[in-house]
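*Asks:* Please work from the sequences and hints to get the whole structure.
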Amino acid sequence: MSGGIIFAQVSKSFRTPRSGRLRQILEDFSLLVAEGELVALVGPSGIGKTTLLHLAAGLDRPDSGEVRIELPTDRCRVGMVFQQPRLLEWRTVEKNISLATDAAQVPREAGRKMLDLVHLGAHAQAFPMSLSGGERQRVALARAFAIKPGIVLMDEPFSALDEITGRHLRQLVQQLWLNQNPSGLLITHNTLEAAFLADRVVVLSGQPCRIQKVIDVPVSRPREPDDLRLFECHREIVDALLSSDEGSA
Amino acid sequence: MSSMIPKLDSRTNTTSVPVSQGSGRGQQWAGWLQRSVLPPISFLIIIALGWEAMARSLHSMLIPGLSEIALEVRRVAVTEGAFVQIGLTLERIVLGCSLAFVVSLVVGIAAGRSRLLEAFLRPGIILGLTIPGLVWALLCVIWFGVSWRSPVVALGLGVAPALTVNVIQGVRAVDYSLIEMAHIFHLKPLDRIFHLWLPAMAPLLLSGLRLGFSLAWKVIVLVEIFGMSSGVGYQLNQEFSEQNVAGVLAWTIIFGAVMGVIEYGLLQIIERRITRWRRVATV
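Protein sequences appear in the order of chains Z and C.
Going by the working numbering, the letters in the first sequence line up with residues 1 to 249, in that order.
Going by the working numbering, the letters in the second sequence line up with residues 1 to 283, in that order.
Source of the hints: derived by calculation from the structure; they are not laboratory data.
Virtual Cβ for every residue (Gly too), placed ideally from N, Cα, C.
Where hints are given, some of them may not hold.
[What the hints assert, rightly or not] Every beta carbon over 12 angstroms from chain Z, so not counted as near; a handful from chain C, in silico:
(1) Arg74
(2) Ala162
(3) Met181
(4) Leu187
(5) Gly265
[Unchecked claim] Which residues of chain C face chain Z? A partial, calculated answer using Cβ under 8 angstroms:
(6) Ile63
(7) Ser67
(8) Glu68
(9) Leu71
(10) Ser177
(11) Phe185
(12) Lys188
(13) Leu190
(14) Asp191
(15) His195
(16) Pro199
(17) Trp277
(18) Arg278
*Replies:* Encoded structure:
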């Protein structure tokens with residue numbers, strides 16, 4: 001099977017700060033994100049979605065098992081979009097992006113092109129604080145995609161934005177995905193967003209967290225936000241979430 | 001009372017109350033004078049008048065009047081080459097503070113990132129904070145004699161602990177989510193220092209620098225009294241040995257003024273420069 005992001009029998013536990021008890025988040029968890037595929041992770045808060053993302057990003061290590069990236073060496077760069085833009089507020093928009101492209105040894109020109117693509121070319125010399133929340137998140141998207149990433153990780157990237165801005169940015173992500181075709185993980189609480197963006201939606205439940213259901217989204221890109229087949233998937237995701245909720249209640 | 005009532009517009013029958021009005025440039029200047037210039041100047045005038053009143057009522061050799069002090073200031077500034085002496089003292093302060101700054105940056109960043117190292121260093125920092133500058137001055141004069149090393153090392157030892165505390169707090173103040181971001185995007189080590197750590201720590205570094213400067217001038221004067229043959233401290237000691245109170249005050253006033261210019265001028269310019277992004281953003 002062609003590689004991508006591979007979680008193989010991963011276990012991970014954390015000690016709860018207050019009681020000091022060990023909490024098993026993942027146990028024997030396996031998941032494969034194929035090359036060029038975007039997998040959305042949905043499920044209740046605190047179930048371990050962010051842990052999975054951190055493991056894939058190399059911010060954390062599993063207790064046992066393995067998280068592997070199997071991609072050509074020039075496709076191993078990781079771009080990440082967080083819930084908050086996480087920009088260096090004392091540096092200009094352009095500098096924020098060039099710091100990432102310099103580190104990835106990608107020409108700065110790529111960063112400027114990406115800024116134009118997210119319609120912020122005119123704001124290259126602005127400081128992030130002078131931009132709106134949606135514009136700042138667009139800078140963060142440009143930064144993640146400017147480094148020509150093989151892997152893109154997104155942690156609730158649009159949850160802090162209003163519906164219309166979020167919708168624009170989701171379409172932007174779709175376009176960037178079509179242009180660059182990286183592999184990726186998307187954490188979201190917005191089931192419609194999961195259906196719109198992802199190739200597969202993985203519904204997680206339980207503790208330790210396990211895969212409750214995997215829903216394929218059988219719609220090729222570019223997708224329209226109002227496509228009825230996406231609503232169908234969205235309903236299927238919600239049903240899976242509801243049944244897992246009943247199961248645990 | 002009638003002026004308090006909003007005017008009724010007879011045509012549209014609606015009220016119009018000014019919520020905010022643009023103020024002219026002249027008004028802004030007047031406001032600035034009233035808020036930022038008048039209070040400190042009034043303070044200085046009141047202190048000077050109080051001193052003069054005390055001098056006149058006590059008729060003491062030990063409390064010279066304002067005119068006598070003013071003459072001394074002129075003598076010191078013109079015939080004693082006060083600014084050359086102040087220059088020498090400032091040079092020592094800058095050297096000593098630079099040493100302290102570099103040391104506390106290295107130690108502070110390391111201790112700020114490792115609780116273990118901080119616990120290990122804590123007694124040293126607390127000891128350093130409590131030992132009076134006088135002790136460092138005496139020791140360094142004994143160790144290094146009349147050389148440039150005495151003031152520089154004494155200042156380094158006297159200023160570094162306070163500055164280190166600020167650096168540690170600065171490191172702790174850096175937003176962890178940005179450190180994560182830098183890690184994921186593999187930002188280069190130098191970029192992390194100059195574009196993430198230093199700017200994020202800038203406000204605390206700057207307040208540390210202020211504190212360091214004010215500590216430095218207290219230590220340097222002592223070193224110059226005991227072990228140097230030049231500088232403001234040496235001159236103060238000369239005036240003291242001649243029992244010239246007006247001379248002591250004159251040197252203090254001139255040096256205080258120079259330090260005031262550095263504090264209000266130089267450091268504030270630096271501060272405005274490094275916090276530019278905040279102001280540009282709010283415009």
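*Asks:* It remains to establish, for every hint, whether it holds in the given structure.
*Replies:* Hints versus structure:
1. Arg74: 46 angstroms, holds
2. Ala162: 25 angstroms, holds
3. Met181: At about 4 angstroms from chain Z, Met181 (chain C) fails to clear the 12 angstroms cut-off, so the statement is violated.
4. Leu187: Check fails; 5 angstroms does not lie beyond 12 angstroms.
5. Gly265: 23 angstroms, holds
6. Ile63: At 51 angstroms from the nearest chain Z Cβ, Ile63 (chain C) fails the 8 angstroms test, so the hint is violated.
7. Ser67: 51 angstroms, violated
8. Glu68: Violated, because the Cβ-Cβ distance from Glu68 (chain C) to chain Z comes to roughly 51 angstroms (cut-off 8 angstroms).
9. Leu71: This hint is violated: Leu71 (chain C) lies away from chain Z, its Cβ roughly 50 angstroms from the closest one there, beyond 8 angstroms.
10. Ser177: 5 angstroms, holds
11. Phe185: For Phe185 (chain C), the interface hint holds, since the closest Cβ of chain Z sits about 4 angstroms away, which is under 8 angstroms.
12. Lys188: Since the shortest Cβ distance to chain Z is 6 angstroms, the answer is holds.
13. Leu190: Violated, because the Cβ-Cβ distance from Leu190 (chain C) to chain Z comes to roughly 10 angstroms (cut-off 8 angstroms).
14. Asp191: Holds, about 5 angstroms.
15. His195: 6 angstroms, holds
16. Pro199: Cβ of Pro199 (chain C) sits 4 angstroms from chain Z, so the hint holds.
17. Trp277: Holds, because the Cβ-Cβ distance from Trp277 (chain C) to chain Z comes to roughly 4 angstroms (cut-off 8 angstroms).
18. Arg278: 7 angstroms, holds
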